[in-house]
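A.B. asks: Protein chains in written order, with my numbering: chain L, 13 to 311; chain C, 13 to 311.
No lab work stands behind these hints: they were computed from the structure.
Positions of the beta carbon are idealized from the N, C-alpha and C atoms, including for glycine.
Warning: the hint list may mix true and false statements.
[What the hints assert, rightly or not] Partner residues are not named here, just some residues of chain L that face chain C (Cβ under 10 Å, in silico): (1) Leu-40; (2) Gln-42; (3) Val-297.
Protein chains: 2
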Amino acid sequence: MPSVEQTAIDPLKIAQMKTYLDCYPCFLRQALSAARRAGASTDQQRQILLDTMQELRSLPSEATPPVMAEGIHRLVRAHTSNPDPYREAKQEATQQALALIPGLMERVQKAVDPLETAVRIAIAGNIIDYGVAESYELDATLQRVLEQPFAIDDLPALREALDRVDSVLYLADNAGETVMDRVLIKAIDRPVTYVVKNGPIINDATREDAHAAGLGEVAEIVDNGSDAPGTLLDRCSADFRRRFEQASLIIAKGQANYETLSVSEAPLFFLLQAKCAIIARDLGVTAGSTVVKGPSGRT
Amino acid sequence: MPSVEQTAIDPLKIAQMKTYLDCYPCFLRQALSAARRAGASTDQQRQILLDTMQELRSLPSEATPPVMAEGIHRLVRAHTSNPDPYREAKQEATQQALALIPGLMERVQKAVDPLETAVRIAIAGNIIDYGVAESYELDATLQRVLEQPFAIDDLPALREALDRVDSVLYLADNAGETVMDRVLIKAIDRPVTYVVKNGPIINDATREDAHAAGLGEVAEIVDNGSDAPGTLLDRCSADFRRRFEQASLIIAKGQANYETLSVSEAPLFFLLQAKCAIIARDLGVTAGSTVVKGPSGRT
Chain L
13 MPSVEQTAID PLKIAQMKTY LDCYPCFLRQ ALSAARRAGA STDQQRQILL
63 DTMQELRSLP SEATPPVMAE GIHRLVRAHT SNPDPYREAK QEATQQALAL
113 IPGLMERVQK AVDPLETAVR IAIAGNIIDY GVAESYELDA TLQRVLEQPF
163 AIDDLPALRE ALDRVDSVLY LADNAGETVM DRVLIKAIDR PVTYVVKNGP
213 IINDATREDA HAAGLGEVAE IVDNGSDAPG TLLDRCSADF RRRFEQASLI
263 IAKGQANYET LSVSEAPLFF LLQAKCAIIA RDLGVTAGST VVKGPSGRT
Chain C
13 MPSVEQTAID PLKIAQMKTY LDCYPCFLRQ ALSAARRAGA STDQQRQILL
63 DTMQELRSLP SEATPPVMAE GIHRLVRAHT SNPDPYREAK QEATQQALAL
113 IPGLMERVQK AVDPLETAVR IAIAGNIIDY GVAESYELDA TLQRVLEQPF
163 AIDDLPALRE ALDRVDSVLY LADNAGETVM DRVLIKAIDR PVTYVVKNGP
213 IINDATREDA HAAGLGEVAE IVDNGSDAPG TLLDRCSADF RRRFEQASLI
263 IAKGQANYET LSVSEAPLFF LLQAKCAIIA RDLGVTAGST VVKGPSGRT
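Chain L extracted, bound-state conformation:
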């Protein structure tokens, strides 16, 4: 099986994006938001904030944002006895996106460059993220992402890589975004394994969410064995790690996958919107940028 990387690599040799202090206030905001979605009383909300601060204080300084998020959202779920605070939001996002499918598929079919259009649609879907904000404008985002230049444009390398491989490992991000991933997977026209989370975390897609978005029609759906945001390989199942190691091309959606895999040596292409200023800075782009980042640009 050909690989997009010619040098010997160790895809499990992972160092993560540096943890930024600016994430601390953001996690407090996120904990409060999750508590409210889970139906917590004001007293419960306050206790969740206090426990979140205790959790943040107890974590080692090198803990990554996805590790912090994993602990905080576990805490919210336990406090509120609600296993999936974002369940309703995920279902709504999926239904909203599904309504767009016929128009998006037609747009790709008629495009001068169907792959580029499909990539842009998949990146536009990345706006559906309740980790970074409380709401999003899907139509406006689609319009913007379909038109604006890529801030990092490794689409030519992705196109070349796709021509050389006979399958793709696709790391999903959020429910609803899944629908736009489906548009890209259809355009890729290669066997795709679509990787979701093993359990609810924020509005990240699980098997249930992927099936509801119709991903079963275009890909094999597997989970990574973890309920942390992004891909924390040491939290993932042996089966997923084997797939990750053997993959000749991996498409990774969203900020959390970038946070957890940005310095991996695996043949990764990150497709994302730089929604928060911290990740934008790490990528060297402005917030709101559209990014296709392949292996060549990484160190």
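Since chain L is already given, all that's left is putting chain C on it; use the hints.
C.D. replies: What follows is chain C alone, placed relative to chain L:
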């Protein structure tokens, strides 16, 4: 001395605005911002964040945002051995505002309603607030506040009150904003006592800042004996409390004065921009609104 309130009142009977949980993430952001302004190293910044979370955990649930802010900024000053992290920002804000003085004075002189124009200018100056954001657009804000309708308009009551009193107690907010206060004080044309903080807290005005803005030309400058944001009467000096009790009209600038005095029965007029969503909600207005709120609208 006439009073704008005819009923017997106890101006020291103070209950404060309810503390909102949304303030916790905001304070963490503010602590980090202050730490960086104070020149803290990354390790110091992290330690300040950890100690801020400890401080927030240890405060009683009824602690008001200004009480929280007082503790947090004291902590930053101690950690960094920097008694005034916002000193440079305050000086710059004052100089920037002073450059506008001739034009603003002329604008008031030529106005159909000089008092209204001066009130709007004083409220526009309230955008100079490093507690709620890292930067501000002074020119654009002036333009907006000079034109947009008041979301709460007790200007007629303020005008009437001014006609009836022979002096005004004026509770200042931020350095730089002081310059715009000077424009209003000149338009009021009554003896004014201008009240600043007793020591540095965020970019709130101290005696030094008030003098640099030329307030000495138009008012008697006193301090309230406290270095908390807003006006926490139990932290203030006996001298200030006496002035507060005896005042027949008090103009209070900015969000923190509203947070600390919103349910006071004193003859208060709050002049402010609702810069954060939490205070806007408390006021029943949208964020970004311009507010002149007198005693009649309060309970």
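A.B. asks: Compare the structure with each hint and give your call.
C.D. replies: Each hint tested on the structure:
1. For Leu-40 of chain L, the interface hint holds, since its Cβ comes within 10 Å of a Cβ in chain C; the closest pair sits about 4 Å apart.
2. With its C-beta approaching chain C no nearer than about 8 Å, Gln-42 of chain L sits inside the 10 Å limit, and its interface hint holds.
3. The closest approach between the C-beta of Val-297 of chain L and any C-beta of chain C is roughly 20 Å, which is over the 10 Å cut-off, so the hint fails.
Hint 3 alone, counting from the list given before, is not met by this structure.
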